[in-house]
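Participant: Chain residues, written in single-letter form:
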Amino acid sequence: MNTTTTDDPQGAPEDTRSEEPRTGPDVPALTRRSLLARTGATLATGALLMHGRDARAQPAAPGAKQAHLPPGREGRDYRPVVVPNGAKLPWRDVGGVKVFHLVAQEVEHEFAPGLKATCWGYNGHVHGPTIEVVEGDRVRFYVTNKLPAHTTVHWHGVLLPSGMDGVGGLNQKAIAPGETYRYEFTVRQSGTCMYHSHHDEMTQMALGMVGMFIIHPRKPVGPRVDRDFAIMLHEWRIDPGARRPDPNEMTDFNILTMNAKAFPGTAPLVVRQGERVRIRFGNLSAMDHHPIHLHGFQFRITETDGGRIPDNAQWPETTVLVPTGSTRTIEFVADEPGDWAMHCHMTHHVMNQMGHDLPNMIGVKPDGLDAKVRPLLPGYMTMGQTGMGDMGGMHHMPVPANSIPMVGGKGPYDDITMGGMFTLLKVRAKLDGEGDPGWYTPPPGTQAQLAQADELRRDGIDV
Amino acid sequence: MAALVEERTGLKTRWNQGTPEDAQVQQHLDALLGSDLTSDRAVEVALLNNPSLQGTYEELGVSQADMVQAGLLTNPSFSGSVGFPLSSEGVTESEFSIVQGFVDLFTLPLRKRVAKEQFIADTLRVAHEALATTAEVRQTFTEVQARQQLVALRREVVQAADAAADLSARQRAAGNVTELALATEQASLEQARLELAQDELALFEAREHLNRLMGLFGARVQWTLVEKLPEVPTIESSLEHLETLAIRQRLDIDAARKQASLLWNALELARSTRFFGRVEVGVHTHRDANGPRLFGPTLSLELPIFDQRQALIAKLEAQYRQGEDRLTELSVNARSEVRATRARLMTLRNMAERYQKVVLPLRTTIVDESQRQYNAMQIGLPALLLARREQVEAWRAYLETVRDYWMARADLERLVGGRLPTGPLPTGTPEAPTPTPSPEPTHEHHDH
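Keeping their order, the protein sequence lines are chains E and H. With the first letter of the first sequence counted as 1, position 310 gets the number 881 in our numbering; the numbers rise by one all the way through. With the first letter of the second sequence counted as 1, position 169 gets the number 277 in our numbering; the numbers rise by one all the way through.
Check each hint, because a few of them may be wrong.
To be verified - Taking beta-carbon pairs under 10 Å as the criterion, some of the chain H residues facing chain E (in silico):
no., residue
1, K423
2, Y482
3, V500
Claimed, not checked - If you want the footprint, here are the derived chain H segments under chain E, 3+ residues with CB under 8 Å:
no., region
4, 254 to 268
5, 472 to 479
Since the hints were derived computationally from the structure, they do not count as laboratory data. Note that the structure is a prediction, hence the values are computed from the model and not measured. Glycine included, C-beta positions come from ideal geometry on N, C-alpha and C.
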């Protein structure tokens, strides 16, 4: 591996002091940034007092004040997020610094059973593994480029020195194929951020070079949550039968994903009844915002990518619009058991690989048309005259090799006529482990049923 | 001549001269036309029945008469004279003679040779005509074959357009498309129908062309043809071989060669007799008045002092050179035509192979994949029908190429003066216009 350690001036202990002058006279005295910086410094001091021995064990740069906290640890300093269908980026503690290694590379990725494509991602994953750090951590990222093109990594929403911001050509030279760059900074905020390529964004993000960057507060903020999910929203264009996303697509996306999976490839979010649930959404779709609608509960939007929303500014919602380039975090108590749909409410976003130039067949009477066409095309069958709902059951007809049906995943009663940006929140009174608990069985009298004739008569319903 | 044609075409021809055998020929014709026509049968019918060819055969009759004429001596001339006295004492005087041209006796063999060569040259020319007719029949037969298949394919295009227009009408009835969209589809259907009409006319015209070549009328034009265009043969003769073949066996070249040699002989004849004037020998009897009867030979000798046939000889020399030039011209042209036609043949065969091995499988793939895309609701019926229609058009282009190949081949056969050595020709009817667009190839209907 070709490790280049250029740009050393930025690699050296950069700390809050270098930020201080910029909150000078022309800047409001107490910006969020300086506040955080000071908080960080204060916390650091506190930590030094509390964990004196640990702190002393770590070599501080000569003459520089230790400006970060010892690495925040899973289970002790934070409850880790759950990334359905996803992975997390491992780290090592090297001298009190969390050291990560991101490898930008080509990845074979399965969007749903039946659809694989050659994407670009990190560390063998699409999307890149979720980075999980704690406020006050000193983080060092080695980024190795194994792609055939230059790349960079931008830490989206993370507050850091300009030279670490990762915009190719602006903040740094782009990382050439084969090179490894080092990014290092102290995390001075908490919240839901993201990371993605910031070089030839259109191509590289369209091919999947994005990931979540979760920063936990050193001390819990707000009510403590029991489940913390991280979901990255994204959109792609993969023609049925093709094997690579098309980065040139601008409007006609046909694969809409949650953590790079399209329903029925999405894993459910499993929680125990009564638990407080947090779901973090990040959206790095090329062109679309996604109104994510959760069935069964009212939630509150507790964070944007700007930080936590004060309690008195939150209001009840059932749909959260996640604009592209943004994150939104919702919280609620999962007090009602069941299998609850959670999906983008744009109806074309809950379709897989839909053809958008189809003739409108609704209401067309097909009698005799099949007989007319079949001498020419023996496999022909008129479709679509009642809509797309039957598409889930069309598997017996030959379809393009690498493609998935427009809609359809098995539900307990029938095909679920949705695809794409669709998943399930499964709330159960009892859980055996973290896995999928299977389908929910509604207690008697709590499920819609076929109406009986005597009921209809009784209630004066004339059908 | 008939033997020559048979040797070159493998088929019999006959000069119908109004003999009882002609009736047998008519029966044979009916037998040939009774079952499905093949290329060979069509040629045979034409050789037996083409009126223009029969007319050409009559020319042979004329030439044969010339030859007989040449074999005869000029008739002797008989002359007699009677003299009556004008006075009373005179007596009637009479004189008779028979004179036979003498030179004829010497020149007869030579004249016979010239005439025979003339006859042979004419025979060759007529046989060449027969072969040219053969080539034209084969080409027209190929055209009819191709036209039948092209019409069948065009019917599929109409079917596809019909289905698309039908769908559009149903969509319109459901309120899903505009009047404009429906009218566009309907116009497209009408266009396809008009094109079918043109194709059907072309088929009709090709059939009539073949009828003319076969000299048919009345009930005999009802012949049927089910054989499909054969695929291009797997191997071709080498160019050198074809050129040699043309020079060696082309009948018109042979005829020109004979013509030149004939002119040479005629020239020789003229030269060898240039110092002979008219020589006449005869017997002569004469009775003078009161005199004895006299009897004796006569000799009349033309003295070639002024006319030594210079003009005739010069003319024959020029004609001979002309004949040689004509022979050279024919040979040079024949070689060039063979080369050009063979190049055309090779290009067409390569195109046909390209169509068969690459383009048509690609078109099949396109239809199959379009069907899959349709099944996955990525495209609609119009796009699927378009793929099918383009497949049919590719088949049409392929058929036209194969047809042109066989036409070029018939041309080449004419140019080399006989059938081309055929390689392992695919004998069975190829499944040319039967694209199998889907996994269920059960609904094959384009076999008509």
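Participant: Count the residues of the region 254 to 268 of chain H whose CB lies closer than 8 Å to any CB of chain E, then report whether that count reaches three.
Facilitator: holds (count 3)
Participant: Per the CB criterion, is H:K423 less than 10 Å away from chain E?
Facilitator: violated (72 Å)
Participant: For the hint on H:V500, just tell me whether its beta-carbon gets within less than 10 Å of chain E.
Facilitator: holds (9 Å)
Participant: For the region 472 to 479 of chain H, do three or more residues have a beta carbon lying closer than 8 Å to a beta carbon of chain E?
Facilitator: Coverage by chain E holds for the region 472 to 479 of chain H (3 residues, Cβ < 8 Å).
Participant: Hey, does the H:Y482 contact hint survive, CB to chain E under 10 Å?
Facilitator: holds (8 Å)
Of the numbered hints listed earlier, the single one contradicted by the structure is hint 1.
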